[in-house]
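Count the sequence shown with my numbering and you get residues 2 to 422, in order.
It should be emphasised that the hints constitute simulated quantities derived from the structure, not laboratory data.
Among the hints, erroneous ones may be present.
Straight-line C-alpha distance at most 27 Å; calculated BS3-like pairs for lysine-lysine [what the hints assert, rightly or not]: (1) Lys72 / Lys5; (2) Lys148 / Lys57; (3) Lys72 / Lys57; (4) Lys336 / Lys148; (5) Lys162 / Lys57.
Beta-carbon label-pair distances, calculated as ranges [said to hold, decoys possible]: (6) Pro41 / Asp209: 36 to 46 Å; (7) Cys98 / Gly298: 32 to 42 Å; (8) Asp209 / Gly81: 25 to 35 Å; (9) Lys5 / Gly255: 48 to 58 Å; (10) Trp156 / Ala335: 20 to 30 Å; (11) Glu79 / Gly139: 42 to 52 Å; (12) Ala252 / Pro166: 38 to 48 Å; (13) Met332 / Ala306: 21 to 31 Å; (14) His278 / Gly305: 17 to 27 Å; (15) Leu276 / Gln198: 47 to 57 Å; (16) His181 / Pro115: 17 to 27 Å; (17) Gly372 / Val44: 14 to 24 Å; (18) Cys98 / Ala335: 46 to 56 Å; (19) Ala252 / Ala306: 25 to 35 Å.
In this text, all values refer to a predicted model and were calculated from it rather than measured experimentally.
Here a beta-carbon is modelled for each residue, glycine too, at the ideal position from N, C-alpha and C.
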Amino acid sequence: MPEKLLLGCVADDFTGGSDAASHLAAGGLNTILCNGVPAPGFVPPEGCEAVVIALKSRTQETESAVADSMKAARWLAEQGAEQLYVKYCSTFDSRPCGNIGPIVDAILEAFNVPGTVLCPALPSNGRVVRDGILYVNGVPLAESPMKDHPLTPMWESRVAKLMEPQGKYACLEVFRDALHGDPETLLTGLARRISSQAHYYIVPDYVDEADAEKIISLFGGMRVLTGGSGLLTPLARRLKPRRHAEVFSSAAAGRALILSGSCSPATNAQTQWYLHHGGEGLRLQGSALLNGSETAGTLWARAGAFSSAPLIYAYETPEKLHAKRADGGQMLSAKIEQTLAETAALAVADGVTRIIVAGGETSGAVVRRLGFQAFGISESLAPGVPVLLPLERPELRLVLKSGNFGQKDFFFRALSATAGS
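Modelling step: build the complete structure from the supplied sequences, incorporating the hints.
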């Protein structure tokens, strides 16, 4: 057991977990990322100060999502975690029957914690909360490209409204003028509003880093906090001021493979950039995957003929995503994830040492198939996208990004950063 585990984090998918871990490391905490609740007998390495457990709770059936999240939270508490953080996507969860509310409520109730914050913002990736409304690159969430998300299309922009059908308790919005006003006035007013509440959620505005620092100064001592990764760096600095985290080298000798199961506008642009600037790729054909004429084996065999790092990718326009959602799209999505995960396993068995993956669900499928339990955190190639080192196979490097993260030339950046001599 580590000497002192300052923070335990439960993340709703694997890229969300790596995002959280990268921000904690940036704030100075020696952090490891675990793929699910660790197996019995697993002990965090010496010097570990934060553990992030990545689940698959974002799109999981609610009862299972709550059960897995509670198992993770209890494991972290048993390791001595002084504070818990529930990490979810910076675009929240749009479904009225979504899992954020039930998971947060279960943890508040189980640990007898009266309240928490709901803070999905991540300004470095264009997600901010202003006047209680979540914006993506200056556009209200429900009007952004996230309205076309294949699994959780966004229908509402106000965080309190998103939470209303999911959670049991009241949302207390805190706008920027109040956030930066007199602290005693704000806290006294909140205390008056929550005096009759069994539990509650505080929804603060968060537009820039000054807001994050203020939120942490006011609410950073809460036993349970929730949100995107934006609060984690200032929270880490609060827990461990003036010290730096150990960082592993991001480089590894050997070949690379890029896998993309995301069809988000950001990943589509990254795919096109890679192909138009000299990269080689294979586009997945849904019908061939579903009828079995294209498999992980055939894909890896074809990719072997490329002279550069191959990109095996899905690509669809928003219009086609709408059509596929209405015509078995989830079955195809699962097939894509399964096929890319199996391709990653074949590549690693064949000596590939660098795997770059785009898409949260795809990343989770790849990590589960490879079977690694825990990861060290290296440099971040974009906000929330670190290079990961499997503790069981330290010669390998993984880069796993959410579909909407990263610059247009992200795949080239990832290849360059992980290239070793």
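| Is Lys72 within 27 Å of Lys57, Cα to Cα? | 13 Å, holds
| Between Pro41 and Asp209, does the beta-carbon spacing fit 36 to 46 Å? | Cβ of Pro41 to Cβ of Asp209: about 44 Å, so the range 36 to 46 Å holds.
| message | With the threshold set at 27 Å, check whether the alpha-carbon distance from Lys72 to Lys5 stays at or below it. | response | Given pair Lys72, Lys5 holds - Cα atoms ~20 Å apart, limit 27 Å.
| So the hint says 42 to 52 Å: do the beta-carbon atoms of Glu79 and Gly139 match that? | With Cβ atoms ~43 Å apart, the hint holds.
| field | Satisfaction of the hinted span 20 to 30 Å by the C-beta atoms belonging to Trp156 and Ala335 | value | The hint (20 to 30 Å, Cβ to Cβ) holds, given that Trp156 and Ala335 are roughly 23 Å apart.
| request: Please work out if Lys336 and Lys148 have their alpha carbons no farther apart than 27 Å. | output: Given that 27 Å is the threshold and the Cα spacing comes to 23 Å, the pair holds.
| field | Outcome for the supplied range 17 to 27 Å, where the beta carbon pair is His181 and Pro115 | value | With Cβ atoms ~24 Å apart, the hint holds.
| query | For the pair Met332 and Ala306, does the Cβ-Cβ distance stay inside 21 to 31 Å? | reply | 30 Å, holds
| message | 38 to 48 Å was suggested as the range; check whether the CB atoms of Ala252 and Pro166 agree with it. | response | Roughly 47 Å apart at Cβ, these two residues keep to the hinted range, so it holds.
| Do the Cβ positions of Lys5 and Gly255 conform to the proposed distance bound of 48 to 58 Å? | Given a distance of about 37 Å, which is not inside 48 to 58 Å, the answer is violated.
| task | Starting from the range 17 to 27 Å, see whether the pair His278 and Gly305 falls in it by beta-carbon distance. | result | Between His278 and Gly305, where Cβ atoms are some 22 Å apart, the hint holds.
| request: Kindly confirm whether 32 to 42 Å is satisfied by the beta carbon distance between Cys98 and Gly298. | output: Holds - the Cβ-Cβ distance for Cys98 and Gly298, about 38 Å, lies within 32 to 42 Å.
Hint compliance for this structure: hints 9 and 18 are broken, all remaining hints hold.
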